[in-house]
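Engineer: In order, the protein sequences belong to chains R, V and U.
Residue 31 in UniProt numbering sits at position 31 of the first sequence, and the numbers go up by one each step.
Residue 219 in UniProt numbering sits at position 219 of the second sequence, and the numbers go up by one each step.
Residue 86 in UniProt numbering sits at position 86 of the third sequence, and the numbers go up by one each step.
Bear in mind the hints are in silico, worked out from the structure with no lab data behind them.
One or more hints might be untrue.
Sample of chain V residues facing chain R (criterion: CB under 8 Å; computed from the structure) [as the list claims (entries may be wrong)]:
#, residue
1, Pro-49
2, Asp-50
3, Ala-51
4, Thr-86
5, Ser-93
6, Pro-208
Straight line, CA to CA, 30 Å or less: simulated DSS-like cross-link-like pairs of lysine-lysine [as the list claims (entries may be wrong)]:
#, chain 1, residue 1, chain 2, residue 2
7, U, Lys-162, V, Lys-140
8, V, Lys-30, V, Lys-78
9, R, Lys-346, R, Lys-264
10, U, Lys-317, V, Lys-132
11, R, Lys-80, V, Lys-314
All of these numbers come straight from a predicted model, not from anything done at the bench.
A virtual CB, placed ideally from N, CA and C, is assigned to each residue, including glycine.
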Amino acid sequence: MIGKTSPSAPYVRKLMLDPLPPPAKASGVSLWLREKLFSSWGNAFLTVIGIGLIWLLVSHFAPWFLHGVWNADSLAACRKTIATTWGEGASGACWAVIRARWNQFIFGFYPAEIYWRPVLTFVLFLLALAPVLFSQLPRRLLWGSLVYPLVAIWLLWGGSVWPVAMIGVGFVIGAVLWRVLVAKNAILAALAAVVVPVLFWLFLTGPIDDLLGKVLPVSIQSVPSRQFGGFLLAIVLGAGGIVMSLPLGIVLALGRRSDMFLVKMFSIGFIEFVRGVPLIALLFVASLLLNYFLPPGTNFDIILRVMILVTLFSAAYIAEVIRGGLAALPRGQYEAADALGLDYWKAQRLIVLPQALKISIPGIVSSFIAMFKDTTLVTFVGLFEPLKSIPDTIRADFAWKGIYWEFFVFVGAIFFIINFGMSRYSMYLERKLKRDNR
Amino acid sequence: MKTSVIFGTLVVAGLSAAGAASAGTLDDVKARGVVNCGVNTGLVGFAAPDANGNWSGFDVALCKAVAAAVLGDPAKVKYVPTTGQTRFTALASGEVDLLVRNTTRTFSRETDLKMDFPAINYYDGQGFMVRKDSGVTSAKELNGASVCIQTGTTTELNLADYFKSNGMTYQPIAIDSNAEGEQQFLAGACDAYTTDASGLAATRAAFPSPQDYIILPEIISKEPLGPAVRHGDNNWGDIVGWTFYALVAGEEYGVTAANVDELAKGTENPEINRLLGHEGNLGAMMGVPNDWAVKAIKAGGNYGEIFEANIGEKTPIGLARGLNAQWTQGGLMYAPPFR
Amino acid sequence: MTSAPDAPEQGFRLSQLIYDTRYRSLTIQVVVLIAVMAAAGWLVDNTVRNLHALGKDFNFGFLWNRSGYDIAQYLIPYSNDSTHGRAMLVGLLNTVWISVLGCAAATVIGIFVGVLRLSKNWLVARLMTVYVETFRNIPVLLWILVSMAVLTEIAPGPNEYKVNPATGEASASMMLFDSVAFTNRYTAIPSASFGRSLGTIDTPLMPVSVDWVLVFAVLAVSIWANARFRKWADAVQESTGARPTTWWKSILIVLVPVVVVAVALGFRIHEPVLKGFNFVGGTNVSNSFVALWAGLSLYTGAFIAENVRAGILSVSKGQSEAAFALGLRPGRTMSLVILPQALRVIIPPLISQYLNLMKNSSLAIAVGYMDLRGTLGGITLNQTGRELECILLMMLIYLGLSLVISTVMNAFNRKVKLKER
Numbered sequence: 001m002i003g004k005t006s007p008s009a010p011y012v013r014k015l016m017l018d019p020l021p022p023p024a025k026a027s028g029v030s031l032w033l034r035e036k037l038f039s040s041w042g043n044a045f046l047t048v049i050g051i052g053l054i055w056l057l058v059s060h061f062a063p064w065f066l067h068g069v070w071n072a073d074s075l076a077a078c079r080k081t082i083a084t085t086w087g088e089g090a091s092g093a094c095w096a097v098i099r100a101r102w103n104q105f106i107f108g109f110y111p112a113e114i115y116w117r118p119v120l121t122f123v124l125f126l127l128a129l130a131p132v133l134f135s136q137l138p139r140r141l142l143w144g145s146l147v148y149p150l151v152a153i154w155l156l157w158g159g160s161v162w163p164v165a166m167i168g169v170g171f172v173i174g175a176v177l178w179r180v181l182v183a184k185n186a187i188l189a190a191l192a193a194v195v196v197p198v199l200f201w202l203f204l205t206g207p208i209d210d211l212l213g214k215v216l217p218v219s220i221q222s223v224p225s226r227q228f229g230g231f232l233l234a235i236v237l238g239a240g241g242i243v244m245s246l247p248l249g250i251v252l253a254l255g256r257r258s259d260m261f262l263v264k265m266f267s268i269g270f271i272e273f274v275r276g277v278p279l280i281a282l283l284f285v286a287s288l289l290l291n292y293f294l295p296p297g298t299n300f301d302i303i304l305r306v307m308i309l310v311t312l313f314s315a316a317y318i319a320e321v322i323r324g325g326l327a328a329l330p331r332g333q334y335e336a337a338d339a340l341g342l343d344y345w346k347a348q349r350l351i352v353l354p355q356a357l358k359i360s361i362p363g364i365v366s367s368f369i370a371m372f373k374d375t376t377l378v379t380f381v382g383l384f385e386p387l388k389s390i391p392d393t394i395r396a397d398f399a400w401k402g403i404y405w406e407f408f409v410f411v412g413a414i415f416f417i418i419n420f421g422m423s424r425y426s427m428y429l430e431r432k433l434k435r436d437n438r
Numbered sequence: 001m002k003t004s005v006i007f008g009t010l011v012v013a014g015l016s017a018a019g020a021a022s023a024g025t026l027d028d029v030k031a032r033g034v035v036n037c038g039v040n041t042g043l044v045g046f047a048a049p050d051a052n053g054n055w056s057g058f059d060v061a062l063c064k065a066v067a068a069a070v071l072g073d074p075a076k077v078k079y080v081p082t083t084g085q086t087r088f089t090a091l092a093s094g095e096v097d098l099l100v101r102n103t104t105r106t107f108s109r110e111t112d113l114k115m116d117f118p119a120i121n122y123y124d125g126q127g128f129m130v131r132k133d134s135g136v137t138s139a140k141e142l143n144g145a146s147v148c149i150q151t152g153t154t155t156e157l158n159l160a161d162y163f164k165s166n167g168m169t170y171q172p173i174a175i176d177s178n179a180e181g182e183q184q185f186l187a188g189a190c191d192a193y194t195t196d197a198s199g200l201a202a203t204r205a206a207f208p209s210p211q212d213y214i215i216l217p218e219i220i221s222k223e224p225l226g227p228a229v230r231h232g233d234n235n236w237g238d239i240v241g242w243t244f245y246a247l248v249a250g251e252e253y254g255v256t257a258a259n260v261d262e263l264a265k266g267t268e269n270p271e272i273n274r275l276l277g278h279e280g281n282l283g284a285m286m287g288v289p290n291d292w293a294v295k296a297i298k299a300g301g302n303y304g305e306i307f308e309a310n311i312g313e314k315t316p317i318g319l320a321r322g323l324n325a326q327w328t329q330g331g332l333m334y335a336p337p338f339r
Numbered sequence: 001m002t003s004a005p006d007a008p009e010q011g012f013r014l015s016q017l018i019y020d021t022r023y024r025s026l027t028i029q030v031v032v033l034i035a036v037m038a039a040a041g042w043l044v045d046n047t048v049r050n051l052h053a054l055g056k057d058f059n060f061g062f063l064w065n066r067s068g069y070d071i072a073q074y075l076i077p078y079s080n081d082s083t084h085g086r087a088m089l090v091g092l093l094n095t096v097w098i099s100v101l102g103c104a105a106a107t108v109i110g111i112f113v114g115v116l117r118l119s120k121n122w123l124v125a126r127l128m129t130v131y132v133e134t135f136r137n138i139p140v141l142l143w144i145l146v147s148m149a150v151l152t153e154i155a156p157g158p159n160e161y162k163v164n165p166a167t168g169e170a171s172a173s174m175m176l177f178d179s180v181a182f183t184n185r186y187t188a189i190p191s192a193s194f195g196r197s198l199g200t201i202d203t204p205l206m207p208v209s210v211d212w213v214l215v216f217a218v219l220a221v222s223i224w225a226n227a228r229f230r231k232w233a234d235a236v237q238e239s240t241g242a243r244p245t246t247w248w249k250s251i252l253i254v255l256v257p258v259v260v261v262a263v264a265l266g267f268r269i270h271e272p273v274l275k276g277f278n279f280v281g282g283t284n285v286s287n288s289f290v291a292l293w294a295g296l297s298l299y300t301g302a303f304i305a306e307n308v309r310a311g312i313l314s315v316s317k318g319q320s321e322a323a324f325a326l327g328l329r330p331g332r333t334m335s336l337v338i339l340p341q342a343l344r345v346i347i348p349p350l351i352s353q354y355l356n357l358m359k360n361s362s363l364a365i366a367v368g369y370m371d372l373r374g375t376l377g378g379i380t381l382n383q384t385g386r387e388l389e390c391i392l393l394m395m396l397i398y399l400g401l402s403l404v405i406s407t408v409m410n411a412f413n414r415k416v417k418l419k420e421r
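With these hints in hand, go ahead and build the complete structure from the sequences.
Structural biologist: The following block contains the structure:
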């Protein structure tokens with residue numbers, strides 16, 4: 001007898017037993033394998049096929065990747081290095097071409113001594129984009145984003161600072177007129193804010209530029225558009241197209257939802273026309289037909305012409321995205337705006353558009369990804385985009401004749417990194433916005 | 001440059017619209033200070049940019065000569081790469097001042113497409129290239145073959161005509177650029193590759209093992225390739241044409257890039273004196289400086305020098321002079337008299 | 001919207017055009033109309049003056065001239081003696097053909113991948129994610145060029161299919177029971193013909209084979225008959241509760257008449273056979289077509305897979321739980337319960353994917369497939385120098401195709417849309 005526990009006292013266990021490990025089949029790797037890969041005959045079959053596929057790809061491409069040569073000055077030299085290192089008949093990538101022509105891929109034929117300008121433009125681009133993308137940043141930074149396009153134009157194309165500054169001055173004039181006159185008469189103010197800057201640009205900019213250019217010549221080396229190429233061209237076209245198409249897209253989206261029959265019809269006609277034809281046809285319009293449509297003798301550079309058509313093209317798509325945003329806005333918002341007695345433009349500006357645009361941002365980012373991918377099509381009008389034209393140019397050099405796969409892999413990888421990053425961002429945004437709305 | 005700025009350009013475009021068309025190309029070029037020259041997007045030996053974007057080649061040399069003759073500086077050329085699709089519009093719209101892009105002079109291009117070919121800088125003909133191990137030795141044996149062919153050129157019409165007149169059939173494989181044609185032909189996607197014989201030679205020269213490929217003896221068409229200018233601007237056409245002839249005459253009279261300065265001081269030969277501006281005022285007659293031919297020849301040498309440097313037998317392309325030899329050597333290069 | 005109290009009755013003043021909401025929209029519309037007309041007039045005037053300056057005119061007469069060039073792939077008879085107009089038609093049909101086949105393949109890929117991406121199988125789901133992300137984020141032009149390069153660089157030449165007498169083996173072998181051969185020039189597939197043909201009827205557009213018309217007519221009738229039969233079976237089930245066995249009767253109804261007709265006409269399948277340097281007997285599909293097709297379908301398939309996935313996820317979990325509770329197996333749950341509901345979400349984005357594919361088919365330029373842009377907007381434009389006419393006509397045709405696709409698909413969408421009562 002050990003203790004004196006009374007027979008009626010309940011047995012209380014003081015010491016907990018350690019839990020037993022789960023049976024081998026229900027834990028660890030084997031469980032994972034069984035649940036995730038071999039849960040049924042069908043799944044096992046799929047797994048085997050998947051492994052086979054991976055093996056097929058890896059066994060074919062891994063040696064090619066691993067045998068890559070980074071230092072060579074021609075394809076022949078590459079092949080020689082591969083043959084001596086890995087034996088005759090070994091396949092290997094000749095990455096040396098990317099190294100040798102890296103600058104051409106990134107900048108095209110942009111003058112080498114001023115590469116810092118596009119680089120700076122790009123860095124500023126990211127800075128200007130930050131306050132637009134991340135709402136945590138102070139709102140005042142948005143002014144920087146507004147000025148940024150002018151800075152970018154000047155940095156990229158160079159030349160005298162005054163024409164670019166005058167464009168900015170035009171906008172400022174418009175804004176000031178609007179501020180001053182809006183209290184008196186909104187319609188008059190809108191009219192003045194549009195017409196006066198246009199007149200200013202048309203008739204005053206030229207003489208003022210000349211004058212200021214003589215008095216205070218501030219200019220940097222100018223770079224003609226023809227020298228743009230590679231990813232610089234792709235980003236300029238893509239970003240420029242999207243930025244310029246945003247205002248147009250908003251107008252078109254509002255027009256399409258308008259009560260006014262004619263405005264609605266014109267908007268629908270434009271949007272559906274542009275969305276109905278391939279971009280390549282519009283690019284041919286830029287390169288072949290635009291000169292017919294403009295006054296005789298007008299001639300301006302192909303990048304600008306392409307940019308105009310790309311802008312019109314993406315405006316139609318942006319308009320549809322924004323229309324989606326407008327439609328997604330609860331009807332109560334419109335009614336509330338009406339109830340407050342706001343007129344159409346005030347309601348759009350203060351209530352509707354800020355919300356609709358916010359909802360549309362993921363869609364706009366998708367449009368940008370699509371736009372960025374589509375810039376590769378400008379190869380067909382003779383511009384040096386990175387996917388086809390630059391490789392073709394490099395292959396016109398005897399040293400690199402016959403290289404194909406390296407270009408595909410390299411250019412594809414860069415496109416993938418940029419677009420994948422943007423699509424992740426838009427997904428992050430979508431999740432965030434969803435939470436906001438609940 | 002003001003025109004590079006977006007709005008600036010639009011504004012300038014809108015304002016300068018009315019007057020620009022009527023002015024001659026020469027005035028435009030002088031005002032602009034640069035010659036816009038339409039060239040191939042990349043054909044080894046004829047026009048191709050290097051890693052730094054400097055263009056070189058047989059066609060490019062003519063652009064440089066024209067710029068040197070008109071503006072005194074062979075570097076004042078803006079090269080506008082054009083595809084087979086966009087080249088004529090680029091010229092018609094005024095985007096380029098002259099088009100030097102292996103362009104064949106034909107009746108309809110001069111009359112219907114409204115361009116002028118002031119000279120022919122290369123007499124070519126369409127040929128075929130095949131693999132040596134295919135055993136084909138004549139184009140007549142190509143019945144049923146698949147033929148790689150660049151679209152948007154005269155070659156596809158010639159090809160159709162040739163096979164038709166010989167009662168043969170073929171499978172056309174259309175390709176967009178020379179680089180793609182090479183890839184497909186090398187990979188064996190077509191039995192024969194057809195384009196101008198000079199282009200074939202240039203293409204073959206760049207193959208890893210050129211000796212495995214042969215160019216068939218048949219030349220199925222006449223392809224006089226030359227610089228093109230817009231119809232109706234005769235003065236500009238004269239400048240382009242006679243600049244070219246100055247290069248040809250330079251070779252005939254032994255004027256080279258090395259000795260042109262020396263000869264320009266005066267020689268026994270009155271024709272050379274007139275050509276180089278020592279005597280008379282030929283330059284002024286067409287509105288360019290009197291030493292135009294000196295500058296043009298100094299830019300890249302005379303016709304023979306340009307040929308040898310870019311596509312001649314010592315280069316990888318290795319073209320013989322053939323029809324493009326001087327008339328004194330049995331070729332067709334024949335400069336009219338400078339007087 | 002215009003709930004402002006009406007102004008007191010008085011005579012019409014000009015300023016009402018701007019301030020009065022009753023007239024303002026009218027004013028704005030008139031201004032817009034005038035602006036648009038002015039812009040259009042300006043463009044047309046410029047065009048007329050430019051054409052005049054170039055000494056050109058605007059007419060479509062060239063469409064009736066001899067084209068003089070050859071096209072490798074045509075669905076209707078064409079030779080270099082045909083007109084430019086016919087070349088355009090050949091190109092248009094090629095565009096339609098690649099679009100239809102591309103849409104079909106992309107849809108199959110999309111559904112397959114979209115479903116597999118949600119699979120419980122970890123490996124397969126990951127693989128599909130990689131596929132979707134890779135293809136979506138890289139330009140379609142690259143995929144088309146890569147497909148072409150794979151076919152020309154990696155596929156064997158036709159002569160490699162030849163049996164080497166020394167070893168008794170060929171260095172390449174055909175696929176699918178010796179009926180398909182990938183080569184670096186073309187893909188050889190079987191073709192079919194009729195031994196006792198009824199001949200063809202020549203129409204101006206194309207010769208129509210009576211045999212095929214007959215076969216398809218019989219097939220259509222059988223399918224209609226089968227639908228009637230199923231309806232009858234449904235009716236029996238409704239009234240008696242027991243469904244008559246239908247499956248083998250259905251198969252009989254659909255297949256027997258067609259087989260009988262085909263046998264009567266002497267239907268034969270010709271497998272491609274290597275003869276001399278090339279495959280003969282079957283149909284040789286050019287690589288440019290296969291490359292374009294593969295590139296477009298794989299690219300668009302990735303987008304459709306995303307749409308399918310989103311559609312499936314939009315069906316609430318209760319639906320599949322209810323289906324499981326009823327005892328449906330996972331496969332049947334998917335095909336009977338989830339997909340039909342997901343379809344309503346999938347179809348609207350699917351329409352725009354189809355439109356995109358059709359428009360992207362104009363990238364045929366990169367591989368030399370002669371589509372509408374290749375003929376009308378390519379060689380014809382170049383040989384005739386009529387860029388204005390050619391490009392305008394080409395854009396109009398593309399626009400027409402887009403409208404046809406969206407009309408058809410929208411009609412389909414209306415049909416499957418949830419009917420709310």
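Engineer: Take the hints in turn and mark each one as holding or not.
Structural biologist: The hints, checked one at a time:
| no. | hint | result |
| --- | --- | --- |
| 1 | Pro-49 | holds (6 Å) |
| 2 | Asp-50 | holds (7 Å) |
| 3 | Ala-51 | holds (6 Å) |
| 4 | Thr-86 | holds (5 Å) |
| 5 | Ser-93 | holds (4 Å) |
| 6 | Pro-208 | holds (6 Å) |
| 7 | Lys-162/U - Lys-140/V | holds (26 Å) |
| 8 | Lys-30/V - Lys-78/V | holds (14 Å) |
| 9 | Lys-346/R - Lys-264/R | holds (20 Å) |
| 10 | Lys-317/U - Lys-132/V | violated (67 Å) |
| 11 | Lys-80/R - Lys-314/V | holds (25 Å) |
Checked against the numbered hints listed earlier, the structure breaks hint 10 alone; every other hint is satisfied.
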